[in-house]
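Student: Here's the letter readout for the chains.
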Amino acid sequence: MSALELHAILPLLVLGAGIVFLLLQVALRRGHRGALFTTLATLAAAAAACFQVARLLDGGVTSIQSTGLLQVDHRALFICLLLLVAAIAITVLGFSYLKHRCDRKAWADSYPEEFYILLLLTMLGACTLVFASHFASFFLALELIGLSLYPLLGFAVNGDRSPQRDQLYSLESALKYLLLSALSTALALFGIAMVFAASGALDFAGVSAAVAAMAGGPSLLLAGLTLLLIGVAFKLSLVPFHIWTPDVYQGAPTPVTALIATVGKGAVVALLLRLFDRLDLFAVPALTGLLGIMAVASMLAGNLLALMQPNIKRLLAYSSIAHLGYLIVALLIGGSAFGTEAVIYYLVAYMITTLGAFAVVGLIADGAVELTPGGSRPLADSGSDPFHRDYYRGLFWRSPWLACCLAAMLLSLAGIPLTIGFIGKFYIFAAGVQGQLWLLLAAVVVGSALGLFYYLRLLLAMVQRDTEATGTARNGVQIAASGHALLASLTLALLLFGVFPQLLINWINAL
Amino acid sequence: MTLLAIIAVLFLGGILAWLSEHWKDGASRWVALLSLLLAIALLGRYADHTGIATATGSAPLWWDSLQLNWIPRFGITFFLALDGLGFLLLALTLAMGLFGLIATWRDVGFRRGFFYFNYLWTLAGVAGVFTAMDLFLFFFFWEVMLVPMLLLIAVWGYEQRIPAAIKFFIFTQASSLLMLIAIVALVYLHYSASGQLTFNYRELLAARLPPATSYWLMLGFFVAFAVKLPALPLHTWLPDAHTQAPTAGSILLAAILLKTGAYGLLRFTLPLFPESSLAFAPVAMSIGAASVVYGAVMSFAQRDMKRLVAYSSVSHMGFVLLGLYALNAIAIQGAVMQMIAHGLSTAALFALVGALQHRLHTRDMGELGGLWGNLPRLSAIALFFAVASLGLPGLGNFIAEFLVLAGSFASSRWITAVAATGLVGAALYALLMMQRVFFGGERSPHQNSGPPADLAPRESAALLSLAVLLVFLGLRPQGVFDTAGPAVADALQHIDATVAGTPDRYGAPPGDTGAVADAADSRWPPSNPERGISP
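From first to last, the protein sequence lines stand for chains D and B. Following numbering that gives the first Met the number 0, the numbering of the first sequence begins with 0 at its first residue and continues without gaps. Following numbering that gives the first Met the number 0, the numbering of the second sequence begins with 0 at its first residue and continues without gaps.
Among the hints, a few may not be true.
Unchecked claim - From the derived model, a few chain D residues whose C-beta atoms are all more than 12 angstroms from chain B:
{"hint": "1", "residue": "Ala16"}
{"hint": "2", "residue": "Ala135"}
{"hint": "3", "residue": "Phe203"}
{"hint": "4", "residue": "Ala204"}
{"hint": "5", "residue": "Ala222"}
{"hint": "6", "residue": "Pro309"}
{"hint": "7", "residue": "Arg376"}
{"hint": "8", "residue": "Lys424"}
{"hint": "9", "residue": "Phe425"}
{"hint": "10", "residue": "Ala441"}
{"hint": "11", "residue": "Ala448"}
{"hint": "12", "residue": "Gly450"}
{"hint": "13", "residue": "Leu451"}
{"hint": "14", "residue": "Leu458"}
{"hint": "15", "residue": "Gly497"}
To be verified - On the chain D side, residues computed to face chain B include the following (Cβ under 10 angstroms):
{"hint": "16", "residue": "Phe36"}
{"hint": "17", "residue": "Leu39"}
{"hint": "18", "residue": "Ala47"}
{"hint": "19", "residue": "Phe50"}
{"hint": "20", "residue": "Val52"}
{"hint": "21", "residue": "Leu55"}
{"hint": "22", "residue": "Glu340"}
{"hint": "23", "residue": "Pro416"}
{"hint": "24", "residue": "Leu417"}
{"hint": "25", "residue": "Leu455"}
{"hint": "26", "residue": "Pro500"}
{"hint": "27", "residue": "Asn505"}
What the hints assert, rightly or not - Okay, the calculated beta carbon distance ranges per label pair:
{"hint": "28", "chain 1": "B", "residue 1": "Leu67", "chain 2": "D", "residue 2": "Gly288", "range": "42 to 50 angstroms"}
{"hint": "29", "chain 1": "B", "residue 1": "Thr212", "chain 2": "D", "residue 2": "Ser62", "range": "54 to 62 angstroms"}
{"hint": "30", "chain 1": "D", "residue 1": "Ala479", "chain 2": "B", "residue 2": "Thr212", "range": "52 to 60 angstroms"}
{"hint": "31", "chain 1": "B", "residue 1": "Thr212", "chain 2": "D", "residue 2": "Asn505", "range": "53 to 61 angstroms"}
{"hint": "32", "chain 1": "D", "residue 1": "Cys403", "chain 2": "B", "residue 2": "Leu33", "range": "41 to 49 angstroms"}
{"hint": "33", "chain 1": "B", "residue 1": "His48", "chain 2": "D", "residue 2": "Ala479", "range": "51 to 59 angstroms"}
{"hint": "34", "chain 1": "D", "residue 1": "Asn505", "chain 2": "B", "residue 2": "Ala300", "range": "24 to 32 angstroms"}
{"hint": "35", "chain 1": "B", "residue 1": "Asp106", "chain 2": "D", "residue 2": "Val498", "range": "57 to 65 angstroms"}
It should be emphasised that the hints constitute simulated quantities derived from the structure, not laboratory data. Virtual Cβ for every residue (Gly too), placed ideally from N, Cα, C.
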């Protein structure tokens, strides 16, 4: 392993060093703010390392193979950077979440520091997945993400002042994810075994040669690739492999929901891009057909199921299923540079918007945690449940700023101009037209029209004028300054890239 | 820059209005008034262009234009331009905005700042729609005007406001996504054929499309505009939205937003897809005639006054559709005139219904009657606009409907004959409304609360100025025709060229299309200009 190879994976090294440092720091001296600071510093340093490596790549080489396992190129670095920035936002969210729930003075056995360690471990897995060029590293990274997400999803159970109801939901969420994720991993692993049996190779380049020589009919290799794709579809929660999504999203602590919805999916999308690109799977009609069917099903089922959800987190879960379906449309147009650009733009739009939406929801819930009744049964009064749509009734008049942020996020999810979501949708349309995928485009239109209904219903609930005081939480919602800063920067990015998309397009093409 | 300034004044005025309400109660409507007046003053700078440039062909196409780079990646520019048609509709937009503001000066009881924010942003979006000459920018404004309109209906509307608002939004948004696909496909085909990536309206006019594809793209545009217009099977959002919107919102919807659909048909659908439009014309004319009759019949059956006026809009906009697809200068001029005259008369009728609702708290004609005794001024003005709406000679609506019918008779006699029966229906419902509400024995839902107050001088002045305008349009319509003339001629020129079969416009033979599509560069759009090569 040469110095160049080591240099190329600098972001991963920085993350790894940060994890070790944080572990030592916590072992010597516990402290919430200290752990927060180390995490932010690690993430920022890793992001800086991405720029450093990108400069290395500008000198003529397009990609650096670092051992047989990892390959660093511009696209992977860009997505890695994107994930790291998202992780910074999630850290800020997590701080707000833990501050309200893990008070050391009140609860001696609460350990907020664990959250940050697990978050960094997830990030290490996600970044490794983005760089993976070998089925071994692919599998390791996927497992690392999964293993660190299980305790994160169940974080409310341990050392947390959440009501017992939330703790039960959190436990359910962790358990469901554990079971279904294990199932999907087993499928993917079986697929990898079959690919290995058929091609005798585990690195992407070796498998690529076998794929190119693959005959048209059924074969072991095709079966292996299909199983692999199903495993990936589980992680992306494409229909019909989406059943875990709403429960997991609803039960998890909101920052973790944001993590699984953005970083968890973004990394897998990057992997899918690379897999299809390197193995040239676009030429295999069985796989593109499978993806196409899953995309249509996700757009329709996701939007239809979201129609009836009064719980905001479940609603966002179904909406994220639909959005992944849109994204697959851009992926399906083939290995062209434009398709990749469309996927990445949509991914950026999706991540900014989803983060923003979960940030608002999470911060509002954090502000309300002390006012929410405890107990283990579901709340009878939907107006006092901070995740219920009724809680948002009239929010626009109580907390105009928070409501404006959430409104911007919802409009972006719905793809209305002035927001980044519109440009993302424009990219999807442009990609679909280029690939002449009329059926998929029809599904996008139908899905968007359905989606409008539930986004608008939430939006209009927020501007409802009849605000009869029913619960205790009828006053403005108080959130921390860090939360305000986070929302301001997400909203600003959403509007900036929505009105001047050329800035982002240049970055996507430059890095 | 003046065009940009008009739009910017409205956008910024909206933000300022919102903020100003925090500082001083009631300040927002003064801010709204000032920004509208400023926008009108800015538009007034173009007034000396009106009426000239018809005789000579030498006048430049645009009175004014502004082109800035926006998204070079897709060849999208920020391209605003104004011609006679745009000027007329922009003037209508601002004038009706001002009218709606003054007519409902005291009606907005709560959240005034936010109300005027939405009001001005809707106007700004519409102003953008009428001036954008880049298809992407057009679509952008087309969508921007929707959200504030949605909020106007959903927050300040009447009983059933939420379902009405959502219905309005989903209809318009879903149809406009079809238009977005059509726009992108049009640009893509143009790019495949010419290697030039652009959303510029002028350059896309030269696009050569295979006929079958062109027909589908034309339908994509048509559906979006027909929903907005609204044309028959796609009109169901309109009665709900108009009825549930607050008075000022109804005025905006009826007087201005419906016109964006007609404008889109005239500006984009006809010139961009001449051959398909020609093939589609009988269908569109039939839809128009059916809307005329259907709107009139439905209007006749309403008890709710606001619904009655709303359905009458369906009927009147049917004339616009009929006239546009008659594809001759007379009928299209009539359609343009109808857009303006209908804007004025319907805005006034909505203002009057709003005034009644404000005073009597009902719009149900079954509960009203004999109002002339207590409200002579309001009733007299209502009579004027009712007969204007039914097309009394001497008023703008008559000129419009007459020209539409005269022009489309040449294209299709039977369809025109059917549409003409709509005039009878108009007389029926308009006079029936007058008879039920204003004449006859006095009936009022609040007998014991004393007689309601008649129109205030402010309301009377606003309504009378519209009446004067309608009379002026009825007696001297030539100014409108001269102003709109070049734009109409320009739109028709493409149709005429198609009819004549000139090869330069209509070049690509059908068999050629596959080859063109295959030759399409797989790296579409081309690599980022600022980088030179694709990553």
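Student: Identify every previously stated hint that the structure contradicts and give their numbers, smallest first.
Tutor: 8, 9, 10, 11, 12, 13, 14, 15, 16, 17, 18, 19, 20, 21, 29, 31, 32, 34, 35
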